[in-house]
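Asker: The lines below spell out each chain.
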Amino acid sequence: MTTPMLALVLLMLIVAAFEAGRRRAFHVAGNEFRSLHSRPRYYGSYTALWCIIPALLLLVLWLSLKEWVITSLVIAELPAALRSQSPGQLDLLVNDIRNQVATGGAAADALPAVAIAVDRYRDLQWLSYTAMWVAVLSAGIVGAGLAWRRIAPQFWARNRVEGIYKGLLLVCSTIAIFTTVGIVLSVLFESIRFFNAVPVLDFLTGLEWSPQTAIRSDQVGSSGSFGAVPLFAGTLLVSFVAMMVAAPVGLMSAIYLSEYASSRVRATAKPMLEILAGIPTVVYGYFAALTVAPMLRDTGAVLGLSVSSESALAAGLVMGIMIIPFVSSLSDDVINAVPQAMRDGSYALGATQSETVRRVILPAALPGIVGGLLLAISRAIGETMIVVMAAGLSANLTANPLESVTTVTVQIVTLLVGDQEFDSPKTLAAFALGLVLFLVTLLLNVIALHVVRRYREQYE
Amino acid sequence: MDTAEKVRAGLGKRYAAERRFRLFGMGAIVVALCFLVFLFASIIGNGYTAFQQTFIKITVHLESEVIDPRGQRDLHKLRTADYGALVKKSLRAQFPEVSGRRDKRKLYGMVSNGAAFDLQAMVMRDPDLIGKVLDVWVAADDDIDMLMKGHIDRGRPEAERRLKDLEVGWIDRLIADQRLEMRFNSAFFTAGDSREPELAGIWGAAVGSFYTLLVTLLLSFPIGVGAAVYLEEFAPRNRWTDIIEVNINNLAAVPSIVFGLLGLAVFINFFSLPRSAPVVGGLVLTLMTLPTIIIASRAALKSVPPSIRDAALGMGASKMQMVAHHVLPLALPGMLTGTIIGMAQALGESAPLLMIGMVAFIVDIPGGPFDPATVLPVQVYLWADSPERAFVERTSAAIMVLLGFLALMNTLAVFLRKKFERRW
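So the protein sequences, as listed, match chains A and B. Once you know that position 348 of the first sequence is 348 in this note's numbering, the rest is easy, because the numbers rise by one and skip nothing. Once you know that position 353 of the second sequence is 353 in this note's numbering, the rest is easy, because the numbers rise by one and skip nothing.
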């Protein structure tokens, strides 16, 4: 690991470039110090930026391409017999070569051709490493030199430097776009590969979900069916239970806090509710699996009901608890945004407080509340840890919350945790499920944000 | 009947409805808070015992014939010596009447596998101990620990118990000899993960969390603040800016597991970064926390009054100077608060990390952001899946530690907000 060393050398180079640029500014100004357009340190910054930006770009490019270039060079030099293997075996061979390089030289029992490749790999690695140092440092020096030469009293260094900074800020703000594009592309790309193997319609309308694919083609039960309807139904069932808890409790507590509570009660109860939102979901999952699910099962046994120990009810109940503060704080905002004049008008007509809330405030706030509930539903659909820990794995198509169901997120986790091969539909199915999840939550969010914004404009 | 009478007649009913409605509201809050209390009670009630651990005092003769037969004090020899045999010997000496292979196996199972490592560490630290007879406190096996903590019921029939009458008898004798004691469980805070509950600790996961959060912080704070500054101070109001804004709002609501899919497909498959490494976890969490930080930072920038900007521009500062010298310092506390809240979210996040392989069973303490590691919430998930009874209390205790860190971070955020909050 001497890349940190290179970074250190670069750092020293930057300081030197800054100093050189600054001195040059003094130098070119001579006695006419006021003739300089910008303050001297801007000339220094300009030189330093021209040193660091090309060097860093080159470094990043080099580090990301190095492995690929070396590998393809080594593969190209392998004897034809080794090169013409299947891609999988070639990958294995390359890994083997890399391992031997990492452990310091060819293994004693390696094939001669492989031993040559190992040596070649190591030589290339060393070459690439040396070349990287030279290239990166010279890029920095050349960049700084060019910038240094441009320094003159009439040179607008400050504007240039600020322009570069502004460009960097712009890049920062586009990361969000890149993230979205990255999500869409990565999920879409693998999904398309999945849909090549499994027709879209089968996936969206099939009633059977058992993603086990066979190792041998003649194995029993090897078909691997990918009908996702049971997962969608399970997700909806758990989310429904969650909303049954979160919507009334969240809404009523928001109403109480904004309309009835004294400011002291408000100041203590609101942060307490927020604590519920700050608890990690894995904690809720553990709580659901260890405490709530056994409790429900025992209660069910007393009542003569058979409750699965991984029931949708337990997962949904705990998920509902988690979402309460979400619903309550969104509704609270909306209710507070209803103009006081409407309340006063209602009171003036002799309405009681609850009548005002029910007949005036809630109808006025309804779009906002609906938007908040939609956001809450989207959160419930995307929630992972609670269902992974408390809901089951078996894809039952049922509307009975006492039975065990599985959800989209549970299946994504089960399919992707552990060993994966990226050419089996089993792994790719997770990405198709991810695509559905992304699209559904996106749709819910867009609608919700739209509704909330429309509503807000109404009273502004 | 005139109107006033009509109204009066219905008044009782209306007041009752009013009281009912009010009660519902209060009930909702009480219910929510009860959930909170119940959650904490269940976690703490399950977990507080994990901070104690049963220890057994064994009298070991550190025989030089076993450890270092040639007396060379060669460090390699000292490391590879059979300390397990010494532990077994001391147990046999303690209970000389035990015979038969099965009973002996049970006897050796009384103390943790870690006992041999304890002896090894002692000898490595001080080779002069060789040849001496010492009293050493070693961790008891997790079943004994569970019995001592009352999770294994002595009253149940022998066949249904994990510990048989024979073992319970030995335990009682040890207690009578004052050779069995509950002590502070320091391994829980200093060890990495282990399959043996009595040896498992959270330090490895805590270090993993630290590296992951470090990467997240180093990336998301500058990028988030940069993006917020650009959008709030420089961006022209046009379509492009609108797209960015809508994007950020949407990203804030994308399920976290989708970020895990992104990390798997992009960082691991495409850029072939190492699996299970905190650096990948940090990258994924950066993308996840960016919206939070950007939104908070923009709010902080918005709250700086325009007069500050006007004054700076009026004195001849350029726009960049105005932002860097005047607006940013005033908005920084708000941005820091938002960042800490974002970091707290990242600390509690586990779903996307499952996707990028941070669920592996890792015993070693990670030495850097490229080493395989796991994080605290994922450790909780892993332990919650373990069948041993002793992991239940450890999971709860790990949750308590995790919640402790979260409380600390949020308190810090509240403190910062209170201290630097300015009303203009």
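Any given hint could be a false lead.
[Unchecked claim] Straight line, CA to CA, 30 Å or less: simulated DSS-like cross-link-like pairs of lysine-lysine:
{"id": "1", "chain 1": "A", "residue 1": "Lys270", "chain 2": "B", "residue 2": "Lys418"}
{"id": "2", "chain 1": "B", "residue 1": "Lys77", "chain 2": "B", "residue 2": "Lys88"}
{"id": "3", "chain 1": "B", "residue 1": "Lys319", "chain 2": "A", "residue 2": "Lys270"}
{"id": "4", "chain 1": "A", "residue 1": "Lys166", "chain 2": "B", "residue 2": "Lys77"}
{"id": "5", "chain 1": "B", "residue 1": "Lys106", "chain 2": "B", "residue 2": "Lys164"}
{"id": "6", "chain 1": "B", "residue 1": "Lys132", "chain 2": "B", "residue 2": "Lys164"}
{"id": "7", "chain 1": "A", "residue 1": "Lys270", "chain 2": "B", "residue 2": "Lys77"}
{"id": "8", "chain 1": "B", "residue 1": "Lys319", "chain 2": "A", "residue 2": "Lys166"}
I should point out that these hints are in silico values taken from the structure, not numbers from a laboratory. As the structure is a prediction and not an experimental result, all values here were calculated from the model.
Asker: Which constraints among the numbered hints does this structure fail? Numbers only, ascending.
Answerer: 3, 4, 6 and 7
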